[in-house]
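Asks: Chain residues, written in single-letter form:
Number of protein chains: 2
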Amino acid sequence: MTVDQKESGLKANLENKIRKADLRPTKQRIALAELLFADGNRHITAEILHGEALEAGVRISLATIYNNLHQFTAAGLLREVVVDSTKSYFDTNMDPHHHFFHEDKGMLEDIHSSKLEVSNLPDLPEGTNIASIDVIVRVTSN
Amino acid sequence: MTVDQKESGLKANLENKIRKADLRPTKQRIALAELLFADGNRHITAEILHGEALEAGVRISLATIYNNLHQFTAAGLLREVVVDSTKSYFDTNMDPHHHFFHEDKGMLEDIHSSKLEVSNLPDLPEGTNIASIDVIVRVTSN
DNA sequence: TCAATATTTTAGAAGAATTCTAAAATATAA
DNA sequence: TTATATTTTAGAATTCTTCTAAAATATTGA
Ligand SMILES: [Mn+2]
Ligand SMILES: [Mn+2]
Ligand SMILES: [Zn+2]
Ligand SMILES: [Zn+2]
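Top to bottom, those sequences are chains A and B.
Taking my numbering, the leading residue of the first sequence gets 4, the next gets one more, and so forth.
Taking my numbering, the leading residue of the second sequence gets 4, the next gets one more, and so forth.
Worth flagging that the hints you see were computed from the coordinates, not collected in a lab.
All values reported here derive from a predicted model rather than from experimental measurement.
Take these hints with a grain of salt, some might be off.
Quick partial rundown of chain B residues pointing at chain A, CB under 7 Å, derived from the structure [said to hold, decoys possible]: (1) Ser91; (2) Ser116; (3) Lys118; (4) Val121; (5) Pro125; (6) Pro128; (7) Glu129; (8) Ile133; (9) Ser135; (10) Asp137; (11) Arg141; (12) Val142; (13) Thr143; (14) Ser144; (15) Asn145.
Calculated pairs, BS3-like style, for lysine-lysine (alpha carbon to alpha carbon, straight line, at most 25 Å) [what the hints assert, rightly or not]: (16) A/Lys118 / B/Lys118; (17) A/Lys90 / B/Lys90; (18) B/Lys20 / B/Lys30; (19) B/Lys108 / B/Lys90; (20) B/Lys108 / B/Lys118; (21) A/Lys108 / B/Lys90; (22) A/Lys14 / A/Lys30; (23) A/Lys108 / A/Lys90; (24) A/Lys20 / A/Lys30; (25) B/Lys108 / A/Lys90; (26) A/Lys108 / A/Lys118; (27) B/Lys30 / B/Lys14.
Ideal Cβ placement from N, Cα and C applies to all residues, glycine included.
All chains, full assembly: derive it from the sequences and hints.
Replies: This is the structure we're talking about:
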């Protein structure tokens with residue numbers, strides 16, 4: 004198998020992922036999917052992703068970055084992690100898990116769910132359901 | 004004891020609290036301290052606090068609200084809780100505790116620390132210290 | 001008490017992140 | 001291919017928050 008075939012196989016997979024989300028595999032979406040999903044889990048902001056896309060030579064506007072981050076999130080390919088009141092982070096890891104947040108670097112790191120337990124949760128407020136439980140362990144360098 | 008004496012006793016306490024934070028007890032600060040601390044714990048945004056101050060007849064600018072929320076936070080009288088990427092919440096409860104976040108109402112509710120346990124925390128990333136651990140139980144109405 | 005000094009408040013401008021608008025470009029379906 | 005639906009985009013708009021620098025207020029200590 005040539006490098007080209009491997010490449011096209013990867014792209015085909017990403018196109019599939021995009022199609023399954025009921026979205027058209029445009030040049031921009033494929034490029035973003037490649038940056039987001041091709042190589043392991045990522046935690047990323049819109050600005051950073053935009054920078055990476057431009058670096059990779061993909062002409063794409065910031066509005067399109069936001070559009071697609073939200074569409075991917077709605078489709079269950081991404082989730083948003085709220086850790087900082089000044090910017091939004093998107094996470095490609097959809098398994099149940101928690102996070103270390105490196106406050107000085109503004110960086111997220113996964114804590115696998117099996118590695119951390121939340122217990123003794125009190126009764127929920129009357130008439131409510133759990134949407135999610137987020138544990139953020141905020142760390143600083145020493 | 005007259006109502007006036009009770010009032011001035013309360014205000015004197017708040018002035019003390021402000022003075023201990025190395026801040027001058029201005030009309031605005033005393034009014035904010037009254038709204039924040041006089042009647043039990045609160046979770047509040049800058050806009051809401053501003054609205055309440057104006058309602059209470061205190062002329063105060065939004066810049067002053069932000070200045071004072073940050074000064075009170077720096078002084079350890081408040082803490083910021085990050086739950087929503089679009090606005091900041093400030094919490095008057097300085098005891099260790101966690102939160103329910105009512106996603107539809109944008110409302111925070113305390114979970115007393117004793118009511119919830121986080122266990123099996125993995126080793127911290129090399130060279131880091133825990134700054135805090137935040138557990139947010141996101142709930143929606145059903 | 002009364003300046004002198006330090007701090008605070010404020011209006012409005014500025015900044016940063018995100019969303020909106022509506023027109024041009026692209027993708028899909030017939 | 002042509003018609004239709006979706007997507008991208010530039011730039012304007014919006015929202016929350018911070019900054020600026022001038023006026024107001026609080027404190028100090030003679
Ligand atoms: Mn969003
Ligand atoms: Mn802040
Ligand atoms: Zn993650
Ligand atoms: Zn609280």
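Asks: Run every hint past the structure and note whether it holds.
Replies: Each hint, compared with the structure:
1. Taken as an interface hint, B/Ser91 checks out: its beta carbon lies about 5 Å from the nearest beta carbon of chain A, inside 7 Å.
2. Taken as an interface hint, B/Ser116 does not check out: its beta carbon lies about 10 Å from the nearest beta carbon of chain A, beyond 7 Å.
3. Below 7 Å, beta-carbon pairs count as interface contacts, and B/Lys118 has one with chain A at about 4 Å; its hint therefore holds.
4. Annotation: interface hint on B/Val121 holds; nearest CB of chain A at approximately 6 Å, less than 7 Å.
5. For B/Pro125, the interface hint holds, since its Cβ comes within 7 Å of a Cβ in chain A; the closest pair sits about 4 Å apart.
6. Interface hint status for B/Pro128: upheld, as the beta-carbon distance to the closest one in chain A is roughly 6 Å, under 7 Å.
7. For B/Glu129, the interface hint is violated, since its Cβ never comes within 7 Å of a Cβ in chain A; the closest pair sits about 10 Å apart.
8. With a least beta-carbon distance of about 6 Å to chain A, the hint placing B/Ile133 at the interface is held under the 7 Å criterion.
9. The interface hint given for B/Ser135 is met, as the beta carbon of that residue sits about 5 Å from the closest beta carbon of chain A, less than 7 Å.
10. For B/Asp137, the shortest C-beta to C-beta distance to chain A is roughly 5 Å, which falls under 7 Å, so the interface hint holds.
11. A distance limit of 7 Å between C-beta atoms decides the matter here; for B/Arg141 the minimum to chain A is near 4 Å, and the interface restraint holds.
12. Taking 7 Å as the C-beta cut-off, the interface hint given for B/Val142 holds, the closest approach to chain A being about 4 Å.
13. For B/Thr143, the shortest C-beta to C-beta distance to chain A is roughly 5 Å, which falls under 7 Å, so the interface hint holds.
14. A distance limit of 7 Å between C-beta atoms decides the matter here; for B/Ser144 the minimum to chain A is near 6 Å, and the interface restraint holds.
15. Here the hint on B/Asn145 is kept, as its CB sits about 5 Å from the closest CB of chain A, short of 7 Å.
16. With a C-alpha separation of about 20 Å, the suggested pairing of A/Lys118 with B/Lys118 holds against the 25 Å cut-off.
17. At roughly 11 Å between alpha-carbon atoms, A/Lys90 and B/Lys90 fall within 25 Å of each other, so this suggested pair holds.
18. A threshold of 25 Å between alpha carbons decides the hint, and for B/Lys20 with B/Lys30 the separation of about 14 Å falls inside it, so the pair holds.
19. Taken as a hint, the B/Lys108 and B/Lys90 pair is honoured in the structure, with Cα atoms around 13 Å apart against an allowance of 25 Å.
20. With a C-alpha separation of about 23 Å, the suggested pair B/Lys108 and B/Lys118 falls inside the 25 Å cut-off, and the hint holds.
21. A hinted pair counts as satisfied when its Cα atoms are at most 25 Å apart, and A/Lys108 with B/Lys90 qualifies at roughly 22 Å.
22. With a CA separation close to 11 Å, the supplied pair A/Lys14 and A/Lys30 stays within the 25 Å bound.
23. As the CA atoms of A/Lys108 and A/Lys90 are separated by approximately 13 Å, the hinted pair is consistent with the 25 Å bound.
24. Under the criterion of a C-alpha separation no larger than 25 Å, the hint pairing A/Lys20 with A/Lys30 is consistent with the structure, at around 14 Å.
25. Distance hint between B/Lys108 and A/Lys90 is fulfilled; the C-alpha atoms sit about 21 Å from each other, no more than 25 Å.
26. In summary, the hint linking A/Lys108 to A/Lys118 is supported, as the alpha carbons are separated by about 23 Å, within the 25 Å threshold.
27. With a C-alpha separation of about 11 Å, the suggested pair B/Lys30 and B/Lys14 falls inside the 25 Å cut-off, and the hint holds.
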